[in-house]
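A.B. asks: Got chain A sorted already, so can you dock chain B onto it with the hints?
There are 2 protein chains.
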Amino acid sequence: MQRRRCTSVRRHHHHHYSAESEMETTDSEAEMMRCISCQEDYDARDAGTCKECYEEANETEEELKREIDDLKAKVAFLRFSSPIDSPLQLQASRFLPPCFSDVVLVASHDSSDSSAAVPIPAHKAVLVSRSPVFRAMLENEMEESRSGTIKISDASYEALRAFVNYLYTAEACLDEQMACDLLVLAEKYQVKHLKTYCERFLVSKLNWDNSVMSYAFAQQHNAKHMLEAALSMITDNMDKLTKREEYLELKAKDPRLVVEIYEAYLSKQVNTAAHKDSSQKT
Amino acid sequence: MQRRRCTSVRRHHHHHYSAESEMETTDSEAEMMRCISCQEDYDARDAGTCKECYEEANETEEELKREIDDLKAKVAFLRFSSPIDSPLQLQASRFLPPCFSDVVLVASHDSSDSSAAVPIPAHKAVLVSRSPVFRAMLENEMEESRSGTIKISDASYEALRAFVNYLYTAEACLDEQMACDLLVLAEKYQVKHLKTYCERFLVSKLNWDNSVMSYAFAQQHNAKHMLEAALSMITDNMDKLTKREEYLELKAKDPRLVVEIYEAYLSKQVNTAAHKDSSQKT
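Chains as they are written, first to last, in full-length UniProt numbering: chain A, 1 to 282; chain B, 1 to 282.
Heads up, a few of these hints could be off.
Any copy, or any two copies together, can satisfy a pair, since identical chains are not distinguished.
In silico SDA-like cross-links for lysine to any residue, where the CA-CA straight-line distance does not exceed 20 Å [as the list claims (entries may be wrong)]:
1) Lys51 - Met32
2) Lys65 - Thr196
3) Lys224 - Asp70
4) Lys74 - Leu241
Hints are computed from structural coordinates only; laboratory data are not their basis. Just so it is clear, the structure is predicted and the values come from calculations on it, not from any experiment.
Okay, chain A solo, but in the shape it has when bound (with noise of 0.2 Å):
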């Protein structure tokens, strides 16, 4: 009650003031509010919300960051210290303790490399949980569970390494080398959360300079939100794909990769074809 008494003063209180002013500045002042967030006023047509649905708002927002704050306690929690930071040859010295490992990884791509030849301790436990196919060769008792060694080929001591160190603490530090390596391997021990993790990456540096040979490297890896995102960029941009040199290496070593090109590139203009056709109807 006291507080309807007090609208209808302050309402007359702002009529009184109307008529004291020009007609031009009163219309445009009435219809002017406050804003919450920014501080400054308002008219009709830049109207947000009431101030309730501001501050449920507010109070959504709070409740997610609150979560957030939850499930990073949550990741630290569960991450794991990464075994690569005590090397076996390592772990032999007093002053490093023990990480426990009961099997080992060797990256076999460069055997001529001597530092290809460093083991990478880790756990069978982890190797099961992270990856289907690690589960699979463990489990069964094949050879690898056997020898507690497991060959890795075609992969970097670098790149198996960031691996092993990703399916610890599911971090990485990318660049565009790494990123693909990672995704090979990602690919390979299907670990679907690390795959994601390269592609996001990639897809964010994809470029003009670079879409033919994404696209090829996204085919042949199974990358299908990179190859989407490449094969958009090379069909907006047809009139220049055929100078390109990637474009005539392309069509020498896998010519049915280009069709899919031109394919997607047909498939686009129907599309946009029959879009403009409908919106010329209505």
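C.D. replies: Here is chain B on its own, set in the frame of chain A:
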């Protein structure tokens, strides 16, 4: 330029409309704006935000939700399959895959109960990564590390099972008893994340009936948030305190804790008095 002209035309139209209608109506209509969120009209008193801030807040919310999805995926990736689902005696059968455990935990709470002797399989690497107490125990080649058996005193089999499960999954199904049991283990083995989780649950279940017991429990197990919450509830109801049975028990068993209740009450009274005093002066 085009936009400005539009605006002035609209304003002009508005003027025209105002002239036709009653003054009172015009004023309140001009003040009304439509909330984008709840679709209801609001006036100056209930103004929330302008459109720009609303859209910005919306974007922030979307971003936070994406971050939550990413973090949830990370948690799912980092979460371990608990070794408890495949206890040792079943692992011998060929139907369940091995979990590659290298240590067992045994609850030595009630040795008369035969189920207490059931060992719970685990991995040294996991225990070490979650608890500094297990780390010291296992890395320093103490008896537990050599024998591969860790005896956990004063814990039921169920509590230990839930404890180990939490170390692998960061999940626990709590009731008040289980939250107390897990808090005790979390404090003993310094698993902070679990302790916070149990404490939050117990604080949410705090009421006048369990406040004195909760206070004593929190004191004993160094649960500061729970202690503060319980103490605050007790000192808010001092007039009823001395009639409570738990109070008499606590006074007999641990009079120091009762003294601390009175000290907290006194300090609260002094603070309240000081607050009143300063607000009267202003």
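A.B. asks: Each hint: holds or not?
C.D. replies: So, going through the hints one by one against the coordinates:
no.: 1; hint: Lys51 - Met32; verdict: both (15 Å within a copy, 13 Å between copies)
no.: 2; hint: Lys65 - Thr196; verdict: between (24 Å within a copy, 18 Å between copies)
no.: 3; hint: Lys224 - Asp70; verdict: between (32 Å within a copy, 19 Å between copies)
no.: 4; hint: Lys74 - Leu241; verdict: neither (48 Å within a copy, 39 Å between copies)
Going through the hint list in order, the structure does not satisfy hint 4, though it satisfies all others.
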